[in-house]
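K.L.:
When you get a sec, could you build the whole thing from the sequences and use the hints?
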Amino acid sequence: MKRSFALFSLFLVLAIVLVSCGGAPGPQAKPGEPYKLGMTGVLTGPAAVSYMPTMEGIRIYFEDLNSKGGIDGHPVQTIIDDDRGDAGVAASNAKKYAEAKVNAIIINSASNVYGPVIAEAKKANIPVFTGGVGPAEAAPPKTDPLVFALRQMAMTTDSMVIIHTISKLSTGKPKIGIATIDVPIAVALADTAAKIAEAQGMEAIVKALPPTATDYSAVADEFMSKGITAAYGSGPASVGVMLYESLKRRGYQGSFFALYEDPAILQERKDDKLFAISFHTQPVQMELPEHKAFQAAGEKYKAASMNGYAVWGWAQGRLLEAILKKTGWPGTTEKMVAVMNNFEFDGRPLQSPTKWTANDHLGWVYWGTYKWDAAKSKVVQASDWWRVSSDGKTVETASDMAR
Amino acid sequence: MAQFVAQVLVLACFYALVGAGFPMIYRSSRILNLAHGELVMLGGYIFLLLIPFSGEAAWMAAVASIVVAFLLGLGIYFVLMRPVIGQPVLAPIMLTIGLSIMLRGAVTLIWGPAHRNLALSLGIPNNPYQLPAGVVLSTFDLAIIGIAIVYVAAILLFLRCSRLGIQMRAAGENALLASQRGINIYLMFALAWSIAIVGATLGGILYGANNRLDPEIGFVGLKALAVPLVGGMDSMGGIIPAALVVAALEFTVARYVDSSLSDVVPMFIMLLVLIVRPWGFFGTKEEIERV
Chain A
2 MKRSFALFSL FLVLAIVLVS CGGAPGPQAK PGEPYKLGMT GVLTGPAAVS
52 YMPTMEGIRI YFEDLNSKGG IDGHPVQTII DDDRGDAGVA ASNAKKYAEA
102 KVNAIIINSA SNVYGPVIAE AKKANIPVFT GGVGPAEAAP PKTDPLVFAL
152 RQMAMTTDSM VIIHTISKLS TGKPKIGIAT IDVPIAVALA DTAAKIAEAQ
202 GMEAIVKALP PTATDYSAVA DEFMSKGITA AYGSGPASVG VMLYESLKRR
252 GYQGSFFALY EDPAILQERK DDKLFAISFH TQPVQMELPE HKAFQAAGEK
302 YKAASMNGYA VWGWAQGRLL EAILKKTGWP GTTEKMVAVM NNFEFDGRPL
352 QSPTKWTAND HLGWVYWGTY KWDAAKSKVV QASDWWRVSS DGKTVETASD
402 MAR
Chain B
12 MAQFVAQVLV LACFYALVGA GFPMIYRSSR ILNLAHGELV MLGGYIFLLL
62 IPFSGEAAWM AAVASIVVAF LLGLGIYFVL MRPVIGQPVL APIMLTIGLS
112 IMLRGAVTLI WGPAHRNLAL SLGIPNNPYQ LPAGVVLSTF DLAIIGIAIV
162 YVAAILLFLR CSRLGIQMRA AGENALLASQ RGINIYLMFA LAWSIAIVGA
212 TLGGILYGAN NRLDPEIGFV GLKALAVPLV GGMDSMGGII PAALVVAALE
262 FTVARYVDSS LSDVVPMFIM LLVLIVRPWG FFGTKEEIER V
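Which chain is which? The protein sequence lines are A and B, in order.
Take 2 as the starting number for the first sequence in the numbering used here and just add one per residue.
Take 12 as the starting number for the second sequence in the numbering used here and just add one per residue.
I should point out that these hints are in silico values taken from the structure, not numbers from a laboratory.
Built from N, CA and C at the ideal position, the CB exists for glycine as well.
Hints may be right or wrong, so weigh each one.
Stated by the list, open to error - Rough simulated footprint, nothing fancy, chain B against chain A, three-plus residues with beta-carbon under 8 Å:
1. 47 to 53
2. 58 to 66
3. 123 to 137
4. 218 to 226
5. 249 to 261
6. 350 to 358
P.N.:
Pasting the structure below:
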C-alpha cells in the first residue's frame, strides 16, 4: 500500500512538472517589450500535414526577425500550441492567450475550432487571424470587426478557383472527376464546384469516400469508365494523393490538379499532365531571392517542414510584421484594427498583394498554377496568375502578379 | 468484369497480408493486437529508412526490413507483452493501444506528417500494365498479389508441416500442456509476433508504394481486422475466403452503390458474424459466456 502510494505520488509530481513545461514559448524576449502572438493550430494528427508547416513558417520568420532586432526594437514572441483540430483544446489555448494579453491570435487549424476561438478572442477584445479556411466573418456582407483572413479557402472562392483553372488549362469542355471525403464541409465544397462547372457547360462527377477508405480504386474505375479528362481531390491533401495514385494505376492519361498539395509533387512525379495550385505565394521551386531567406532561416531555426505550406507561413509572417509595424508600439487592438481596416501590403514577387477594408477582411484570393516542364527539367508557371473576389463572383487575370 | 475481379483480388490480397497478423498473434498468445495498423505504418517507415543503404538493390532494403521487423516482434513480445501474461484480458489490449499511440507519435516526430510514396523513393515507377481480358494492374498491384500469396502460403505450410509450426500450434491450443511437453511457449509466442509483424511490414511497404505512406495510414490495419473476425480469429486458412468476401463487398458497394458506404458494409458483415457466429466462419467454436 505504502509502495503504491509512493509510486502514485511520483507519477503525479512528474505529470505536474510535464504539464508546467507544456507549450512552445518561442524566442526569448530581447530588450524592449515583445509583441505577442498566440497561435493555435494542428501540429499533430491527420490534418498536421496541411497546418504544421504553415506554423513552422511563421515561427522561423519571427525567429529570424527577432535576430535582426524585431520591430523597432521590440521582438515578436510567438506562443504556439497544438490543438489537434479539437475545438475544446483550441478554446483553452485562446483563453491562455487572452490571459497572456497577446496582440493577436492566429488560427492555423480546422474550421471547427474557429467559433470557440473567435468567441474567446472577442471576450478579450483581441483580433483573430485565420490561416486556414477563410471564415464567413472575414468577408462581406457581415464582416466581423475583429476577424481577418490571412488565407482564403472559403467555400465559394476555392470552388471558383479550381473550376476556372481546369477550364483554362483544358482543351474543349473537360469532364471533371472530383473525389472528396464524406464529411459535410468537404462534400459541400465538391458539390459547389460541380455546380459551378455545370453552370459553365462542363460535366462533373463527385464521389465521396469515407476518410478511412483503403484505396480509391473503385472511384478511379468509375471515373475512367465515364471518360473523365480532368480530376482533383477536394478536401485534405491525402484525398488528392490517393485519387492521383489510383488513377495512374489504371493508366489515366488526363489532367490532374493538385489543389491542396505541396507543389513539390511536381518535381517528384515529373508528370506533365499534373498541375499544382499555389494560393497567394510563389512556390519555393521558383527560386526567388525571398525563398533563399526562407530556406536559410529554415536551416538555422530547424524548421520541421520546408514545403509549400511553410512558404505560406513565412508569407503570413511578413504580413503580420507589416501590420504590427504600421500599428506601432504597444499595438493595442483599437490601433491594430484601425490599421487593418485600411490596409495594403505588397509582398511581391513572393506573395500576392493584400488589401483589406472595413467591410472586407479577406480581399482578393490569388492563385498561380504550376507544372513540370520536361524540356527544362524544372517546375514552371503553367499560366498567368488569377484572382477571385472575396464574394466569389468575379474572376480575372491578376495582372499585378505578372510572370 | 475482369477488371472488377482483378481489383477485388488486389484489395483482398492486401487485407489477407495484413489481416493474417491478427490470428497469428491471437492463436498463440490470445492477445488482440490493436497496434497492428501502426506496425503496418512503421514497417513502411523502416523500409524508407533503409532505402539509402541499399543502393541500387531495392530487394536488400526489403530483406533488411523483414529482418528488422522480425527482431522488432521479438522485442515487443519479450519487453512489453510477456510481463502482462496472466493479467486480466484488458491489460494487454490497453498495452497495444498505448503502443499504437506511441508509434504514431514517434513516427510523426521523426519523419513529420508529410505524405511519401515508396515507389518514388525506390525509383521504381508504379506503371500500369495491360493484361489479358482488358485488365490493367500496376507494378505494385501485382506485387501485392504475389507477395500476399507467398506470405499466406508460407505461414500455412509452416504451421502445418514444420516442427516449429506444430509446436507453435500446440502452444496456442494448450500452453500448459505444451510447456510440460518441453516446448518453450514464450519463444513460440514471440515467434508468432515476429511473423505477424513481418506481414505488417510487407503490407506497409506495399501500401506505401501503391498509395501513400504517412503517420495516419494505421487505419488500414484496423480495417483488415474485419477479415480474421469474419474468417475466425484462430483460423489462418479462413483468412483467404474472408479477405475475398470483405474486399468484394467493399469494392462492389464503393463502385456500384455509393462510395461513401464502402466502409459500412464490410463492418456490417463483421458485426453480423460476431452476433451470429462469433468464432467466425472457419474458427473454433468457443464457449461464449452470455450475461
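K.L.:
What are the numbers of the hints the structure violates, in ascending order?
P.N.:
Violated: hints 2, 3, 6.
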